[in-house]
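Construct the complete structure from the given sequences, taking the supplied hints into account.
Protein chains in written order, with the numbering used here: chain A, 1 to 116; chain B, 1 to 118.
It is worth saying that the hints were derived from the structure and are not from the lab.
Careful, some of the hints might be misleading.
Below 27 Å or equal to it, Euclidean Cα-Cα: the simulated DSS-like pairs (lysine-lysine) are [what the hints assert, rightly or not]:
#1 A:K9 - B:K110
#2 B:K70 - B:K113
#3 B:K113 - A:K9
Interface residues of chain A toward chain B, partial, derived using beta-carbon atoms under 10 Å [what the hints assert, rightly or not]:
#4 E30
#5 G40
#6 M41
#7 R44
#8 L45
#9 E59
#10 G63
#11 A92
#12 N103
#13 F107
#14 G110
#15 R112
Backbone N, C-alpha and C fix where the C-beta goes; we use that ideal spot for every residue, glycine too.
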Amino acid sequence: NAGVTQTPKFQVLKTGQSMTLQCAQDMNHEYMSWYRQDPGMGLRLIHYSVGAGITDQGEVPNGYNVSRSTTEDFPLRLLSAAPSQTSVYFCASSYSSFDSSYNEQFFGPGTRLTVL
Amino acid sequence: AQTVTQSQPEMSVQEAETVTLSCTYDTSESDYYLFWYKQPPSRQMILVIRQEAYKQQNATENRFSVNFQKAAKSFSLKISDSQLGDAAMYFCAYRSMNYGGSQGNLIFGKGTKLSVKP
Numbered sequence: 001n002a003g004v005t006q007t008p009k010f011q012v013l014k015t016g017q018s019m020t021l022q023c024a025q026d027m028n029h030e031y032m033s034w035y036r037q038d039p040g041m042g043l044r045l046i047h048y049s050v051g052a053g054i055t056d057q058g059e060v061p062n063g064y065n066v067s068r069s070t071t072e073d074f075p076l077r078l079l080s081a082a083p084s085q086t087s088v089y090f091c092a093s094s095y096s097s098f099d100s101s102y103n104e105q106f107f108g109p110g111t112r113l114t115v116l
Numbered sequence: 001a002q003t004v005t006q007s008q009p010e011m012s013v014q015e016a017e018t019v020t021l022s023c024t025y026d027t028s029e030s031d032y033y034l035f036w037y038k039q040p041p042s043r044q045m046i047l048v049i050r051q052e053a054y055k056q057q058n059a060t061e062n063r064f065s066v067n068f069q070k071a072a073k074s075f076s077l078k079i080s081d082s083q084l085g086d087a088a089m090y091f092c093a094y095r096s097m098n099y100g101g102s103q104g105n106l107i108f109g110k111g112t113k114l115s116v117k118p
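Structure, rendered in structure tokens:
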């Protein structure tokens with residue numbers, strides 16, 4: 001049971017380049033989310049998914065695309081990287097349930113992205 | 001929309017002493033979850049403690065406990081017998097019990113950086 005995995009751990013891009021941040025979970029969680037963490041800003045929601053084939057925007061979605069073709073995978077695509085997207089990116093997953101035993105979001109190790 | 005506020009950007013505590021980190025939140029919902037996450041220099045987000053709003057009893061996990069004041073919308077974290085390994089960024093987070101749409105996600109405060117002095 002690997003939990004939530006993210007690749008790569010570090011990435012440097014040039015302005016205008018595109019790339020995909022990978023996220024996978026093996027806990028059969030319905031909910032998956034992408035957050036970005038910036039100094040002094042906490043974590044902010046980019047996109048989320050409540051199940052395979054269903055995605056929606058969070059607080060800061062501009063410049064990012066997502067898709068959810070399987071329960072396990074939830075990649076985040078940067079279409080044309082900008083310096084403002086320099087950040088640490090976290091993927092998280094959880095069950096979709098009212099049971100308090102299952103309300104925890106599990107986080108991946110994060111990806112540090114620098115856009116020059 | 002819900003908001004979470006952590007008013008202490010940085011805190012410092014002496015090893016073996018007790019420290020309290022503050023968190024307030026705003027919501028119109030009556031049922032929700034509150035969490036404290038720890039983020040050490042490794043960057044990994046680690047769940048420290050959780051509280052269900054419908055439970056009056058404050059949650060406790062070993063040296064970590066919370067003071068949950070629902071009417072005041074306050075959710076502070078107390079760390080007793082502080083250890084060097086407690087040095088980290090701490091985030092307070094809110095999650096709705098309504099799992100429709102974006103409400104199943106976490107809303108974070110901006111964090112408090114805790115330093116532990118030997």
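* To do: Against the structure, test the hints numbered earlier, and report the numbers of the ones violated in rising order.
  => Number 10 only.
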